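Enquirer: So you can see what is in the structure, the chains are spelled out below.
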Amino acid sequence: MGKSIVDKIWAEHVVHREEGKPDLLYIDLHLVHEVTSPQAFSGLRMKNRKVRRPDKTFATMDHNVPTINRTQIDDQVALNQMTTLEKNCLEFGVELAGIDSPEQGIVHVIGPELGLTQPGKTIVCGDSHTSTHGAFGALAFGIGTSEVEHVLATQTLWQTKPKTLKLEINGELAKGVTAKDVILYVLATYGIRFGTGYVIEYCGDVIKNLSMEERMTICNMSIEGGARAGLVSPDETTFEYLRGRKNVPTGEQFDQVVQQWKAIASDSDAEYDKVIVVDGSDIAPMVSWGTNPSMTAKVDASIPRQNDYQTELEKDSLVRALSYMGLSEGQRIEDIKIQHVFIGSCTNSRIEDIRAAAEVVKGKQVHPQVRALVVPGSQQVKKIAEAEGLDKIFVDAGFEWRDAGCSMCLSMNADVVPNGEHCASTSNRNFEGRQGAGARTHLVSPQMAAAAALNGHFVDIRKVTVGAV
Amino acid sequence: MSGIKEFEGKAVALDRANVDTDQIIPKQFLKRIEKTGFGRFLFYDWRYQAEGVLNEEFELNKPENQGATILIANENFGCGSSREHAPWALLDYGFKAVIAPSFADIFHQNCLKNGIVPIVLTEEEVGFLLAKGKENSFTLSIDLEKQSVTDHEGFSAQFPISQYWKAMLVNGWDEIEITLQLDDKISAFEQQRETALQI
Ligand code: SF4
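Going down the list, the sequences are from chains E and D.
Letter by letter, the first sequence follows residues 1 to 469 of my numbering.
Letter by letter, the second sequence follows residues 470 to 668 of my numbering.
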């Protein structure tokens, strides 16, 4: 029997194995950010420990950086967290893309951009969306701060091998249906727990035909299905994306490393603990209406009713969610009015996302009742977009064009959705209070967010003429 | 961390499914650089109405539930982000154990690393405890070595926990210290791997 990519990566990284214990797994890349690391560094300091491999550790600040007026930060507590990271990186010899760096950005956007993320690596970060890096055929997962400290001190982690889930998406996507819709559809169909205890391997024709950035969008939200990691076996698309990037070998060495990367891909006869098959042609543009990502419907559908559910717990969750969202059972998705639009986050803030949204917006105007924000995932993405004149398209249409960071994805900085207002957001979580106390989040693709910005409510992107000025 | 073997405490029932980490500790409180002091922000948006007024309806705020050390919740508790601030907040508030039919993976790990015992019982058992807790607060005893949860009225259930984590919790061991004893092995691994990959 063949082996899956997870089996192969795991086998290559076990440092120590002992009966009755998890495996001690070697970590190739440790990404660090300002929110989940300060307590880990103080832990090291208290015990007089060092960072074992600063060369395999890379830090940036993204969660609470302002996306406007960066030279003057008013939030003293946030500022303290940022300067603490700077001090820690200096003291422990860790490379940092700080607030002034042209490489600064959301940790899951810059890892791939800088070529740090590579096939076959084990990658961790004190952040649950570390699953994003799985798009490259890396085993990448989020960890807590105690584990951050453990990796800093030892470059290893005690881990029990997860089960494997093959999620095959066959066929073709209809026009207007994006990678974001694929993952939202999967969550709407299988719920927010189907991946608990598993690593998801995405495959099938739909995945094969996606770009690296689209694959990242899907792997990013694996955690929303309960899986700590999601990945795609590397192929030509992966290698081409990595060719020529900083931190990636060049010339002959590149060809050699590609051979190693090829060998890590799943064998065609690999065995999995669970298999799910999805028909890609069944997927439509999706909009979340509730307070977890599985509470999502097709844009031309309606919000469910209590009768659509079997158990009391589900009915209770529906009622609770709708009361928080200020929506009613059976309401049409296209009738939901929005007051805010956020295009950004580690799910959808890469250059392709920004281009796709710009196509929709070009030559049009943001609805007068809507405040709309574009926050590129990294300063590099921002620079490319500006070189292509995309910033101008957005600003002319009435969008705000910002510096890179997590921004309104979790609103730790000043970018907040006010109480009771609705936001079409390209981020990944619609939990209560995520975008601000009482804020009502609807998860959508960049195209759908852009179209909602122009109309003040959700519209079916399949019916909108895109790019026609 | 000192070891945990057995303890008795007041239980409080929070009968909601999919309680996420944004609920356990909202993001505006993640900016601190210490591990302590998060307890007053636990379940902040549920515990307080606007302007910091106590929401008297919320389970944790009921007078009879004051001083609870065991939280009973419904399925998929702790889903969402990896923030360890969630167990820090639970711990700082006074909780020593959380009982639920299922937990999200990262949260489950984070509890173990901070000496909070995440206890998985069957849906029926948790259902029984949730129903009991809705009527009145009550006392539960948890014995980590016997892996049991009992009350004074005949309820008794067994819970699973890996032998590894049981030993870690009971003895209060420092995981990093244990790993550092394998330092030579890690170095040997690094050497062999770096030669193989020619890096
Ligand atoms: S963009 Fe959002 S989900 Fe991604 S790392 Fe930042 S806060 Fe987390």
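Misleading hints may appear alongside valid ones.
Stated by the list, open to error - Listed next, the stretches of chain D that the computed footprint assigns to chain E, with coverage defined by at least 3 CB atoms under 8 Å from CB atoms of chain E:
#1 484-493
#2 572-579
#3 604-610
Hints are computed from structural coordinates only; laboratory data are not their basis.
Since we're looking at a predicted model, the values are computed, not measured.
The beta-carbon is built from N, C-alpha and C at its ideal position, and this holds for glycine as well.
Enquirer: Compare the structure with the hints numbered earlier in the document and write down the numbers of the violated ones, lowest to highest.
Expert: 3
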